[in-house]
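Visitor: Using the sequences provided together with the hints, build the complete structure.
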Amino acid sequence: MSASVRVLVVALFSFLAIILISFFKVALEWEDAEQAFYSQWFRLGYDDQPPLYTWLQICINKILGLNRFSLVGFRAFIFSATLFIMYKFAYKVHKNENLAVLSVLLLFLIPVFIDFNFRRLTHTSLMCLFSLSLYYVFFLLMENKSLRNYILLGLIIGGGLLTKYNFALIIPTFLIIPFFDAEAKQIVWNRYFFISIGVAGLLVSPHLYWLFDNTQYVSELKMSMAHKTKSVANHTVFSSLWAYLKSFIQLSILLFLVFAVAFFRRGIQLKQQKWNSLSKLFIIQFVIASVVFVSIGSSKVSERWLLPIFLPFLVLLFSFFQFKKITVWIKWSFRLFVVVLIVQLVRTPVEKMLKIDSSVHHSFEPIALKLDAFSKKQWVLPDVTYAGSVKFERTKKMVFSSDDFTLPKTVIDSSNAIFVQKEKDANLEIIDSLIGFGEAKEALYFGVKKK
Numbered sequence: 002m003s004a005s006v007r008v009l010v011v012a013l014f015s016f017l018a019i020i021l022i023s024f025f026k027v028a029l030e031w032e033d034a035e036q037a038f039y040s041q042w043f044r045l046g047y048d049d050q051p052p053l054y055t056w057l058q059i060c061i062n063k064i065l066g067l068n069r070f071s072l073v074g075f076r077a078f079i080f081s082a083t084l085f086i087m088y089k090f091a092y093k094v095h096k097n098e099n100l101a102v103l104s105v106l107l108l109f110l111i112p113v114f115i116d117f118n119f120r121r122l123t124h125t126s127l128m129c130l131f132s133l134s135l136y137y138v139f140f141l142l143m144e145n146k147s148l149r150n151y152i153l154l155g156l157i158i159g160g161g162l163l164t165k166y167n168f169a170l171i172i173p174t175f176l177i178i179p180f181f182d183a184e185a186k187q188i189v190w191n192r193y194f195f196i197s198i199g200v201a202g203l204l205v206s207p208h209l210y211w212l213f214d215n216t217q218y219v220s221e222l223k224m225s226m227a228h229k230t231k232s233v234a235n236h237t238v239f240s241s242l243w244a245y246l247k248s249f250i251q252l253s254i255l256l257f258l259v260f261a262v263a264f265f266r267r268g269i270q271l272k273q274q275k276w277n278s279l280s281k282l283f284i285i286q287f288v289i290a291s292v293v294f295v296s297i298g299s300s301k302v303s304e305r306w307l308l309p310i311f312l313p314f315l316v317l318l319f320s321f322f323q324f325k326k327i328t329v330w331i332k333w334s335f336r337l338f339v340v341v342l343i344v345q346l347v348r349t350p351v352e353k354m355l356k357i358d359s360s361v362h363h364s365f366e367p368i369a370l371k372l373d374a375f376s377k378k379q380w381v382l383p384d385v386t387y388a389g390s391v392k393f394e395r396t397k398k399m400v401f402s403s404d405d406f407t408l409p410k411t412v413i414d415s416s417n418a419i420f421v422q423k424e425k426d427a428n429l430e431i432i433d434s435l436i437g438f439g440e441a442k443e444a445l446y447f448g449v450k451k452k
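All residue numbers for the sequence shown refer to the numbering used here, where the first residue is 2 and numbers rise by one.
Everything labelled a hint here was simulated from the structure, so no lab data went into it.
A portion of the hints provided could be inaccurate.
Label pairs and their in silico Cβ distance ranges [what the hints assert, rightly or not]:
| id | residue 1 | residue 2 | range |
| --- | --- | --- | --- |
| 1 | Ile-357 | Gly-437 | 14 to 22 angstroms |
| 2 | Leu-148 | Trp-333 | 38 to 46 angstroms |
| 3 | Phe-257 | Ser-206 | 38 to 46 angstroms |
| 4 | Thr-411 | Leu-317 | 46 to 54 angstroms |
| 5 | Gln-270 | Glu-440 | 48 to 56 angstroms |
| 6 | Ser-206 | Ser-5 | 32 to 40 angstroms |
| 7 | Met-226 | Thr-411 | 21 to 29 angstroms |
| 8 | Gly-202 | Gly-437 | 48 to 56 angstroms |
| 9 | Leu-317 | Thr-396 | 41 to 49 angstroms |
| 10 | Leu-209 | Asp-373 | 37 to 45 angstroms |
| 11 | Trp-333 | Ser-5 | 15 to 23 angstroms |
| 12 | Met-226 | Pro-173 | 12 to 20 angstroms |
| 13 | Arg-267 | Thr-396 | 54 to 62 angstroms |
| 14 | Phe-14 | Asn-277 | 27 to 35 angstroms |
These numbers come from a predicted model, not from an experiment.
Cβ atoms here follow ideal geometry from the backbone N, Cα and C, with glycine treated the same way.
Guide: Pasting the structure below:
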């Protein structure tokens, strides 16, 4: 089996596995539920993420309808495309098919990649694809500085910025590298590079205009970032730096352990090092990310935030080592892939069998059934996860969420709405309830506005 065919097989099996796994779940993963909710409308901004993923989801829903396949199939396609781009990028760097295949297979040693990206992530998954594509096109430009490649670079930069705001952490790396690398200097200091900037600017300008024209949204965005990073005013540089380093170690620990064992067992040996473009990019990116997290006073850095930023640098590992039996590495890495795939496939059924509770085991049909009695009223759920899950149960019904701060306030007619709340509200007349719902055994109250 050739290298490219092997990668296509891995990508195809991953695609099918992600879809199959979803049918073992009674309810949607929470990010899929978010997309079921937000894809009801075309907007220039949604929640605390840029809009590209939802725009693409809307297009898919228009073709396939809102269903499990349209939601999960899109995620599965992105995941599979990420594997293929990783292969293309690794081959571009090393000009070796075996190393390119191994780069793909070793992705399954990154816990957050297979546990979160494989099973539930949306925006982060798409950012992984754009991040790898950015590095691939940048190295493509080292060989061919054509107008086509510069336009492609601009499309990737614009698409990445419209996928997640933290894609902006990657851009300075490519603006700084020309000062330390002659090949990179020729790319950035090329007249066509302004075309890349223009294309990217054209793509992001509608969202940026909307963003800065909505001060309330920007305020909500800042609060969301502060909450997620647990930023505190009295932070120390050490605490923020440790949070960042700890997350980086957790992201890559299995890879380093495998390579360490292989080194001591003499399966690999160190190569004479050269400061190539990719190693310089890594140093710059590592420093930029650390400075940003320290400067915002972050006391929490999630591994999934670092995943798309550092995913391309898996390829860099192969610059440090010489493999004695690369075919053996590929054989055992492929077996690892199969094992990981089987574990992911049986995980949800086994959880059910062992009575390990999870949110995906609880259908939102009971909520939808109660709301059916108010079919002529607007349905307002407590948050976007609930709203998207109910929308999935009743695809023809428009559903709203109380925490959707990008929705114009005039859209919800409170005099003709049924509100589902997790706590009783003095302004609502409670007319029904659902006690002990879901994994958290929450009490839900159905109420209408008091006259």
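Visitor: Taking the Cβ atom of Trp-333 and the Cβ atom of Ser-5, is their distance within the range 15 to 23 angstroms?
Guide: At 20 angstroms between Cβs, range holds.
Visitor: Taking 48 to 56 angstroms as the hint, is the beta-carbon distance of Gly-202 and Gly-437 inside that range?
Guide: 52 angstroms, holds
Visitor: CB of Phe-14 to CB of Asn-277, is that within 27 to 35 angstroms?
Guide: 33 angstroms, holds
Visitor: Taking 38 to 46 angstroms as the stated bounds, is the beta-carbon spacing between Phe-257 and Ser-206 within them?
Guide: 42 angstroms, holds
Visitor: Do the beta carbons of Leu-317 and Thr-396 sit within 41 to 49 angstroms of each other?
Guide: The hinted range 41 to 49 angstroms holds for Leu-317 and Thr-396, with Cβ atoms some 45 angstroms apart.
Visitor: If you check the beta carbons of Leu-209 and Asp-373, does the distance land in 37 to 45 angstroms?
Guide: 42 angstroms, holds
Visitor: If I claimed the Cβ atoms of Ile-357 and Gly-437 lie 14 to 22 angstroms apart, would that claim hold in this structure?
Guide: Holds, at about 18 angstroms.
Visitor: Is 54 to 62 angstroms a correct range for the gap between the Cβ atoms of Arg-267 and Thr-396?
Guide: 59 angstroms, holds
Visitor: Does the hinted range 38 to 46 angstroms hold for Leu-148 and Trp-333 at CB?
Guide: Distance hint for Leu-148, Trp-333 holds at roughly 44 angstroms.
Visitor: Taking the beta carbons of Met-226 and Thr-411, is their distance inside 21 to 29 angstroms?
Guide: Check passed, 28 angstroms falls within 21 to 29 angstroms.
Visitor: Tell me if the beta carbons of Gln-270 and Glu-440 are separated by a distance inside 48 to 56 angstroms.
Guide: The hinted range 48 to 56 angstroms holds for Gln-270 and Glu-440, with Cβ atoms some 49 angstroms apart.
Visitor: Given the range 46 to 54 angstroms, decide if the beta-carbon distance of Thr-411 to Leu-317 lies inside it.
Guide: At roughly 52 angstroms between Cβ atoms, Leu-317 and Thr-411 fall inside 46 to 54 angstroms, so the hint holds.
Checked against the numbered hints given earlier, this structure breaks none of them.
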